[in-house]
Amino acid sequence: MQCAESLRVQAYFDGEVDALTAAEIERHVEHCGECRALLQDLEKMRTALREGVTYAAAPQALRTQILQALDLEDAALASPAVRTKQRSMPQSKGWRGRSFWTGAFSGIGGAALAATIAFFVVMPSVSPLSNELVSAHVRSLMPAHLIDVVSTDKHTVKPWFAGHADVSPVVSDFESQGYRLIGGRADYIEHQRSAVVVYQHGAHVINVFTWSAGGRLPSNTTRSGYHLAFWQQGDIQYCAVSDTGWDELLGLVRLLHEQG
Amino acid sequence: MDDKRARFEGQVLPHLDAAYRFARWLCRPGDADDVVQDAVLRAFRGFDALRGSDAKAWLLTIVRNCHLTAAKQQQRRGLVPLPEENDAADGHAMIANNDNPESEAILSDQKKVLDRLVASLPEEHRTVLMLREIEEMDYAQIAAVTNVPIGTVMSRLARSRSALKAKWMQEVEGAPRAVR
Numbered sequence: 001m002q003c004a005e006s007l008r009v010q011a012y013f014d015g016e017v018d019a020l021t022a023a024e025i026e027r028h029v030e031h032c033g034e035c036r037a038l039l040q041d042l043e044k045m046r047t048a049l050r051e052g053v054t055y056a057a058a059p060q061a062l063r064t065q066i067l068q069a070l071d072l073e074d075a076a077l078a079s080p081a082v083r084t085k086q087r088s089m090p091q092s093k094g095w096r097g098r099s100f101w102t103g104a105f106s107g108i109g110g111a112a113l114a115a116t117i118a119f120f121v122v123m124p125s126v127s128p129l130s131n132e133l134v135s136a137h138v139r140s141l142m143p144a145h146l147i148d149v150v151s152t153d154k155h156t157v158k159p160w161f162a163g164h165a166d167v168s169p170v171v172s173d174f175e176s177q178g179y180r181l182i183g184g185r186a187d188y189i190e191h192q193r194s195a196v197v198v199y200q201h202g203a204h205v206i207n208v209f210t211w212s213a214g215g216r217l218p219s220n221t222t223r224s225g226y227h228l229a230f231w232q233q234g235d236i237q238y239c240a241v242s243d244t245g246w247d248e249l250l251g252l253v254r255l256l257h258e259q260g
Numbered sequence: 001m002d003d004k005r006a007r008f009e010g011q012v013l014p015h016l017d018a019a020y021r022f023a024r025w026l027c028r029p030g031d032a033d034d035v036v037q038d039a040v041l042r043a044f045r046g047f048d049a050l051r052g053s054d055a056k057a058w059l060l061t062i063v064r065n066c067h068l069t070a071a072k073q074q075q076r077r078g079l080v081p082l083p084e085e086n087d088a089a090d091g092h093a094m095i096a097n098n099d100n101p102e103s104e105a106i107l108s109d110q111k112k113v114l115d116r117l118v119a120s121l122p123e124e125h126r127t128v129l130m131l132r133e134i135e136e137m138d139y140a141q142i143a144a145v146t147n148v149p150i151g152t153v154m155s156r157l158a159r160s161r162s163a164l165k166a167k168w169m170q171e172v173e174g175a176p177r178a179v180r
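First to last, the sequence lines map onto chains G and X.
For what it's worth, the working numbering labels the leading residue of the first sequence as 1, then goes sequentially.
For what it's worth, the working numbering labels the leading residue of the second sequence as 1, then goes sequentially.
Don't take every hint at face value.
[What the hints assert, rightly or not] Cut-off 20 Å, straight-line C-alpha distance, at most; resulting in silico cross-link-like pairs (PhoX-like, lysine-lysine):
{"#": "1", "chain 1": "X", "residue 1": "Lys167", "chain 2": "G", "residue 2": "Lys44"}
{"#": "2", "chain 1": "X", "residue 1": "Lys111", "chain 2": "G", "residue 2": "Lys44"}
{"#": "3", "chain 1": "X", "residue 1": "Lys167", "chain 2": "X", "residue 2": "Lys111"}
{"#": "4", "chain 1": "X", "residue 1": "Lys112", "chain 2": "G", "residue 2": "Lys44"}
{"#": "5", "chain 1": "X", "residue 1": "Lys111", "chain 2": "X", "residue 2": "Lys165"}
{"#": "6", "chain 1": "X", "residue 1": "Lys167", "chain 2": "X", "residue 2": "Lys112"}
{"#": "7", "chain 1": "G", "residue 1": "Lys44", "chain 2": "X", "residue 2": "Lys165"}
{"#": "8", "chain 1": "X", "residue 1": "Lys165", "chain 2": "X", "residue 2": "Lys112"}
[What the hints assert, rightly or not] Facing chain X, a subset of chain G residues (Cβ under 10 Å, in silico):
{"#": "9", "residue": "Gln2"}
{"#": "10", "residue": "Gln10"}
{"#": "11", "residue": "Gly52"}
{"#": "12", "residue": "Pro59"}
{"#": "13", "residue": "Asp74"}
{"#": "14", "residue": "Thr221"}
{"#": "15", "residue": "Arg223"}
{"#": "16", "residue": "Trp246"}
By construction, these hints were calculated from the structure, which means they are not laboratory data.
The beta-carbon is built from N, C-alpha and C at its ideal position, and this holds for glycine as well.
Work out the full structure, taking the sequences as your base and the hints as a guide.
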């Protein structure tokens, strides 16, 4: 009764398949009316749920209660000397103001990196920039959109950007570490001509978007199955987007940062 | 310095809203606050064990464990029965806490219907669907949080989506004025 591909179509819709499988499924959907209808239903339902479902934020009272409980917990753990210090810290600063970029490094490792890359961990959970980047990434995976300049040579890719983008990002090939430079592309991100460096890791494409630093960067996030890692080097902001795992994605981030 | 606390607040507390929503999808309406507070404290105590980068999935996993523990305790004491699958069919589990009753009153009908239909899904279907569509977690994260294999996540998602669609169609047929 139900098409045997329906679970794979669902996985495609949820961004859980690699580019090759995606192409296969797109071909299937062209010929299967049932799966086409399924895709439409999935899309409609997603929109309805995201716009329609009432979902709560943690009530302020609960938040306050939890912070107080953490204070008690802290006090119980801390040595007397530290406890004195704690008491003198202004309570009103609250949890938003206190730790700006202290967190979020555990997946990356390396204190030097932690000291220099600014991951901004406190941002609203819905960022238009993240959505823009995921759309650009997905668009790039469509046939003939991925690469404007095909080259595994950084000396070809980097000069190409000079004429086609507003920034000149770090470009390097990390083939021996598993990240093969396959080319570059110009895209339009944050209202400027963004330079996109394209890497291949196994079967996965990693787009590294770059643009001139302007606004605050969102925190690392996952949208529709794609991971987004943000960082800044000098006056250029970077975002690596891929459906590869976090560890693999952050591996490339680390390599790029070492180059910069 | 108070480094652990600062890292915890930077890395874990940004997911407090997600933890609270998740608890509301799991628990009876009155139990969510306790479950979340319990979970955050446990997370803080066990914070050193968080090595990966996925603090959100980690916190939500703890929320679920706290919920299961609390439900078991209540059952043992014989105070409250475990929630039945359709226990939340009146929609309370999904309705936001709202300080302003007027704005609640103008919630559109369609929204209310959707809340009620989602709330009427069995718990294991509802949570998987909400983790995917609202929290935007990937299959691997959902599998970790709900403690089932990825294949089960996929089949639960499919069943949940088709059940919700069927309920919606039924609602639309029953009430011709509803918007589709």
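Item to check | Numbers of the earlier hints that this structure fails to satisfy, in rising order | outcome: none
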